[in-house]
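Each chain, letter by letter, is given below.
Protein chains: 2
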Amino acid sequence: MIKAKGYAAQSAKSPVSPWTFERREPGPHDVQIEILYCGVCHSDIHQVRDEWGGSIFPMVPGHEIVGRVTKTGDHVKKFKVGDLAGVGCLVDSCRVCDNCKDGLEQYCLNGMSGTYNGYEQDKKTPTYGGYSNVIVTNEDFVLHVSEKLPLENVAPLLCAGITTYSPLRHWKVGKGHKVGVLGLGGLGHMAVKFAVAFGSEVTMLSGSPSKEADAKKLGAHKFVLTSDKKSIDSVKGYFDFIIDTVSAPHDYNLFLSLLKTNGVHICVGAPPTPTEIMGFNLIMGRKSVAGSLIGGLPETQEMLDFCAEHNIVSDIELIAIKDIEKAYERMMKGDVRYRFVIDMATL
Amino acid sequence: MIKAKGYAAQSAKSPVSPWTFERREPGPHDVQIEILYCGVCHSDIHQVRDEWGGSIFPMVPGHEIVGRVTKTGDHVKKFKVGDLAGVGCLVDSCRVCDNCKDGLEQYCLNGMSGTYNGYEQDKKTPTYGGYSNVIVTNEDFVLHVSEKLPLENVAPLLCAGITTYSPLRHWKVGKGHKVGVLGLGGLGHMAVKFAVAFGSEVTMLSGSPSKEADAKKLGAHKFVLTSDKKSIDSVKGYFDFIIDTVSAPHDYNLFLSLLKTNGVHICVGAPPTPTEIMGFNLIMGRKSVAGSLIGGLPETQEMLDFCAEHNIVSDIELIAIKDIEKAYERMMKGDVRYRFVIDMATL
Chain A
118 MIKAKGYAAQ SAKSPVSPWT FERREPGPHD VQIEILYCGV CHSDIHQVRD
168 EWGGSIFPMV PGHEIVGRVT KTGDHVKKFK VGDLAGVGCL VDSCRVCDNC
218 KDGLEQYCLN GMSGTYNGYE QDKKTPTYGG YSNVIVTNED FVLHVSEKLP
268 LENVAPLLCA GITTYSPLRH WKVGKGHKVG VLGLGGLGHM AVKFAVAFGS
318 EVTMLSGSPS KEADAKKLGA HKFVLTSDKK SIDSVKGYFD FIIDTVSAPH
368 DYNLFLSLLK TNGVHICVGA PPTPTEIMGF NLIMGRKSVA GSLIGGLPET
418 QEMLDFCAEH NIVSDIELIA IKDIEKAYER MMKGDVRYRF VIDMATL
Chain E
118 MIKAKGYAAQ SAKSPVSPWT FERREPGPHD VQIEILYCGV CHSDIHQVRD
168 EWGGSIFPMV PGHEIVGRVT KTGDHVKKFK VGDLAGVGCL VDSCRVCDNC
218 KDGLEQYCLN GMSGTYNGYE QDKKTPTYGG YSNVIVTNED FVLHVSEKLP
268 LENVAPLLCA GITTYSPLRH WKVGKGHKVG VLGLGGLGHM AVKFAVAFGS
318 EVTMLSGSPS KEADAKKLGA HKFVLTSDKK SIDSVKGYFD FIIDTVSAPH
368 DYNLFLSLLK TNGVHICVGA PPTPTEIMGF NLIMGRKSVA GSLIGGLPET
418 QEMLDFCAEH NIVSDIELIA IKDIEKAYER MMKGDVRYRF VIDMATL
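Protein chains in written order, with the working numbering: chain A, 118 to 464; chain E, 118 to 464.
Take these hints with a grain of salt, some might be off.
In this list, chains with the same sequence are indistinguishable; a pair is considered to hold if it fits within one copy or across any two.
Unchecked claim - List time: in silico SDA-like cross-link candidates among lysine to any residue, alpha-carbon distance up to 20 Å:
no., residue 1, residue 2
1, K218, T378
2, K218, Y355
3, K353, L226
4, K353, G228
5, K240, C217
6, K218, G354
Calculated from the structure, these hints are not laboratory results.
Please model the entire structure based on the sequences and the hints provided.
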């Protein structure tokens, strides 16, 4: 076994703090990665605090992992020692169901193995995430990362990036489309960058007037203040798509009224409580409310390659791991532009 | 003006009863139709009783109209006296908006003119529906009806038919798809017939065990009793599409669990109250909840032609117009197989 250092939550009540634990030695198809940076996802907080239920403790959070390959199993073909590598939200899946065969491992019908707060495919070995110095992952769930981009800014692409890239690709969002992005956080700022890169007209929908300048800086063409009736009324029936990154409860019916005929409201964030929808708001205009979960492995690689080619990365604030709880507090207030990334050298 | 006979509700509290009123003389582009049959839609009850708000009284309900052309305006090109003709849920629209230009008049951005309980495009002349002996309609909103099919059984195609045909076509439902039809009423029985005709495997989802035999007779391949956990569990993650025809409140989350990855829950009926949806139920499997409203004029004609070619009609119970209130009472109990149609000779 490999002695790993990391930060873990020991229970839903305890802070995320130093912990040593064991990783498996790399098997024939495994890649051992020295973790250099790990992004801090909002879902880390939910899971650490067991707000979604069923959390597994001790928990080493983190699923926006980038680093360098330090060891490879005998049968590893895709990676060699010294390569940059990334690990996202999943580290394994059944590989035999229809979804796995289609490269939609995130929807594995037999249950994918989350990078942390989950179990390996044996359904009993807990998985530990990226707030750590090392990870050992089957090469099929490891991504190639370009040397061209600043590595710390790449980390959030593994979750915030693919979560917004995937639905935009799935719904073929591109030139001629009007896209609203609801919420300017880790997901929202990536949604703006991708939708702009795909040629759409992008409007930031936000409740904070202070975000207007930032949204424009990120490339958004328009800004709509959701708390202002006049501003909202100016985009009634306007959008082909709304990418909804907000995980606090909010009024879906209001945003359905901003969609064109055939418009789609795509949730990539979701409130923990049910949302009320009036059926008539869907029927009058053949509208849809849809959801999308991260992305499969092939699409995640495609996204990373696209980012390298188009020089797209996440805007980040680099932190030391000892400041993780402070980072959580700031995230709870929406005070981060736009992703905290842990410099693992500080471990 | 033309003196028309009909049945109308004078207020939300009064029964639908005999009334004489005036129709316009046919203008150059109008077709005058002697109404022979008119279907009774569930929405007639909601509107007569002002359950959706904003009802306009007196109200002559009815938007499943078939009859014979008795007069044509000088510029009418599509119809001649003696032709069979149908009028569905709308009698006009702005004709200039993007949706009208796309043949999606039901989503007219300037407001379509409903066949009854609406206004002509002047936004002040009330429209009166099919519980009547005659209607005068612009030829662009009149459909050709085949002489091959029993005319009384064609009437419900103008609403129940197109309402289910349109979403099945829009979402390209066909061979290889597993389709669930929720609710076996006027809409549900047409959804079964069309989905079967399009080559899908069709499952009737119903809370009434008594509907199983009927569903099979209509062509459904499977029957699932929604009140039975074992029966429901047998179709978890099973359907590509669910056509939801139920307008009473019901648990959308349950039906989302029956969808496959990428599955779509399509509402053609909608409860008058909001429905609670858990965002995670959309995200986990890239599922959608969508709505669809009747169909545009080109697609309604396509549907009627398809029905003539494939010998598809509605199952009906023919009634005299004096029995309309009794019919409403039976409909409220779901006691109709599957559409009441008024024989207008009884007026």
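These are the hints, each one checked on the structure:
1. In this assembly of identical chains, K218 and T378 lie within 20 Å of each other by CA distance solely across copies; the values are 13 Å between and 34 Å within a copy.
2. Taking the shortest Cα distances, K218 and Y355 sit within 20 Å of each other only across copies (18 Å), while inside one copy they are farther apart (37 Å).
3. For the homomeric pair K353 and L226, the shortest alpha-carbon distance between copies (11 Å) is at most 20 Å, but the shortest distance inside one copy (38 Å) is not.
4. Proximity of K353 to G228 under the C-alpha cut-off of 20 Å is restricted to the inter-copy arrangement: shortest distance 15 Å between copies versus 40 Å within a copy.
5. Taking the shortest Cα distances, K240 and C217 sit within 20 Å of each other inside one copy (17 Å), while across copies they are farther apart (55 Å).
6. Only between protomers do K218 and G354 lie at most 20 Å apart by alpha-carbon distance; the minimum there is 17 Å, versus 38 Å within a single protomer.
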